[in-house]
Amino acid sequence: MTLEARRAAETRFGRTGAIVVGAVVAVLAVTGGAFAIAGANPMDAYFAYFVAPLTREFTLWEVLNVSTPLLFAGAAVAIAFRSGYWNIGVEGQLLMGAVAAAGIGQVVHGWPSIVVLPLMVAAGALAGAAWALVPALLRVRLGIDEVVTTLLLNPVALLVVEALLHGPWTDPETGFPESPRIAEAAEFPKLAAFLPFLGKSRLHLGFILAIVIIIAAWWVLSRTSTGLRVRAVGLSPHGARFAGIKVERTLLRVALISGAVAGIAGVSEVAGIQFRLTAGISPGFGYTGIVVAMLGGLTMPGVLLAGLLLGDLSVGASSAVRSLQIPSQLGAVVEGTLLLAVIGALALRRARSRQEDERPADEGEPPPAEPKSMAPAEGPP
Amino acid sequence: MNFIADILAATFRNATPLVYGTVGETYAERSGVLNLGIEGTMYAGAFFGFAAAYQTGNALLGLAVAILVGIVAGGLMGLLTVTLGANQHVSGLGLTIGLIGISEFANRLIFSGDTLARIEPMPLWDPLAGLGDIGTVANQYGLTYLAFLVVVPVAWWVLARTPLGLSIRAVGENPEAADVAGISVFRIRYVALMIGGALMAVGGAFITLSMLGTFTLDIIAGRGWVCIALVIFGRWRIFRGVLGALVFAAVFSLGLRLRITPGFESVPNELMLALPYVVVIAALALSGRNVPYPGAYLKAYRRT
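Residue numbers (our numbering), protein chains in the order written: chain A, 1 to 381; chain B, 382 to 685.
If you are wondering where the hints come from, they were derived from the structure by calculation, not from laboratory data. Do not take every clue at face value.
[Stated by the list, open to error] Derived CB-CB ranges, DEER-like:
#1 B/K680 - A/F50: 51 to 61 Å
#2 B/L442 - A/F176: 33 to 43 Å
#3 B/P534 - A/A36: 43 to 53 Å
#4 A/F47 - B/P673: 32 to 42 Å
#5 B/V648 - A/T16: 51 to 61 Å
[As the list claims (entries may be wrong)] Far from chain A by the CB rule (all over 12 Å, computed), these chain B residues:
#6 E501
#7 A510
#8 G603
#9 Y658
Glycine residues also receive a C-beta, built at the ideal position from the N, C-alpha and C atoms.
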C-alpha cells in the first residue's frame, strides 16, 4: 500500500467514524430530549430501554420472545428489498397468516399436533403468499408500483380480520370480537418444556422457526445461484436482464416467498402467544419489520441482530412504563429516530465515498498519483 | 333525492383530506421525490393541530401549527432525500413511523388521562341553505370550500403556469438540465416538499379540527397511502388526482350510508369499508401500463 493510498484509507475511515458519531449524537439528542420531556433522567432511561432487559433471566428470554415476530417480519422485508421489490405489505400478509392459523386452529380439536402444526405453518405461508400475489402480478405484468398496492392491502387485511371477528368468528362464550381459543394441539410448544433453564418463559417454537428461516434465507441469498440472481436483480434489473436472468419471474417468486415468511409470522403469533385471532394481533409488526431490515443492512445476520435489538428495546420500553413512568409510545420514537439516523448516515457515507472514487477519474488522473485529489472532499452542495 | 344529496355532501366532506394530501403529494412527486412520509405528516398535522387548538381554544391557531408541523416534516424529508440522498422509500416510511410515534407520545403526555378531550369543531358554512338538496350539498366546512375553491385551482395554476411550477417540474423531470439552466435543484425540491408537507398536514388537521373535533389513535387510517395511489391514478395532474379523490370518497360515503339503509344490514360493514381500497387498486390496474412517472422519480440528485 502506498503512503497516499493508506492516507486516503485513513481519512475515509476517519470520515466514516465522524458520520457514525454524528448519527449517534443525533439519536441521543432527539431521544434524550424526548426522555427529558417525559420527565425521566435520559441515562436511566437508556439503561432501562437497552440494558435492563438483559440483566434479568426472565426478561432476557422475553426479549427473544418479543423479537420473534420482528425476526420473521424483518426477514420477509429484507428478502424482498434485496431484489428491489418494495414489499410494504408484510403487515397485511402477516394478518392473513394469522387468519389461516386461527381458522385451522379452531377446527382441529382432537387431531395430533404433529399433523396440525405443519399444516398451520403451511397454510399460513400460503395465505401470506396469496395476499402478496396480486400486487406482485400487477407489478410484473402491468408495471404498477408495488409500494402503493402492497400498502393499500394492509388496511384491507385488517378489515378482513375485523369482519371475521365481528361476524362468524366472534367468541361464542364471551361475545368479544375474538376468535374462539384454538385447539390445544394447535398451540406451539413452549421451549421451556425441553429446556428447563428457560423457567416460566413464554418462549415458543416460533422463535426456532424464525432462526431457521433466517439461516435458510442467509444460505440461499449468499451461497446459491438463486440468491445471486435475486441480488443481481436488486442491484441492477437491466444488467440482470442483459445477463439472461428472468427478472419478472425472480421478482414474482421473491414477492411470494416474502409473503410466505410474513404469513408464518402471523401463525407464530396466533399459535405461540395469543392462541386466538384478535384485531390487535399485530401492533404494526410489518412496519417494524422494515426498520429491522434496514437497520440490519438487508442482510440476514443484520436482521438477526436488529430484530433482537428492537426486541430488547420493546421489552425495555414496556417495563420502563412502570419503573420510570415513561409512556411506552416513546419506544416507537426511539425506533423511528434510529432508522432515520442510520439511513441518513448510510446515504452520507455512500455519497462521500462515491465522491472520492469519482473525483480522480473525473480529472483523468490515476487514483494514487496525486494526493491532492484525495484531499477531504467538500460536503454536497 | 335526499339520499343522493346526503351522499354528495358526504363525498365532498370525505374527499377533503384526500384532496389536500393528493395535491401535496403531487407537488413532492413532481419535484422528483416520492414522499411516503405523507401518512405520518397527516397524522402529526391531525394531532398537533388539535393539541394546539385545544390548548389555545383557537382552531385557526391549531391550523397554523399543523401547517408549521407539515413544513418541518417536509424539510426533514428534504434533509434525508435531497441533501443526504437517502433512499426515498425508506426515508418516507421512517418519517411516518417517527411522526406517528412522536404524535402518540405527545398525545400520551398532554392528554394522559382517559378523558376524551374535545374542542368545538370549526363551523359548517351553509351559504345556500333553503335551496333544498343543493343546500344540503353546499353545507360544508370552511376547509372543504378552501380545498376545492382555492387550493386546487391555485395549486394547479402555480404548477402549470408560474416560474416556480416550471422549476418544480423541471427538477423532477431532468434535474441535470434544470441545474444547467441555473435552477437550484436542491432548493426547489425543498420548497416542493415543504409546500406538500403543509398541505398534507392541513388534510390531517381537517379531520380533527373540522370533522371530529377530537383526536383518536389511528385517525388517518391509511388515507395517506390512498393519496399516494391517487397521485399515480391522476398521473401527477392536480385535477385528475382530485377527481380520483372524489371517486374514492363517493364509494366510501356510499358504503357508510348503506350501513344504515334498510336491506343492507346483512352486508358486513367491513366489506363496505374495504371497498374503496379495492376500487383504487382496480383503477390502478385498469389504467394499465405506460404510467408517465416523473423523469427523476426516486432519484437523488448529485452534482458531479
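Against the structure, the hints:
no., hint, result
1, B/K680 - A/F50: 51 to 61 Å, "37 Å, violated"
2, B/L442 - A/F176: 33 to 43 Å, "42 Å, holds"
3, B/P534 - A/A36: 43 to 53 Å, "46 Å, holds"
4, A/F47 - B/P673: 32 to 42 Å, "53 Å, violated"
5, B/V648 - A/T16: 51 to 61 Å, "58 Å, holds"
6, E501, "27 Å, holds"
7, A510, "36 Å, holds"
8, G603, "4 Å, violated"
9, Y658, "5 Å, violated"
Figure legend: structure checked against the earlier numbered hints; hints not met, in rising order: 1, 4, 8, 9.
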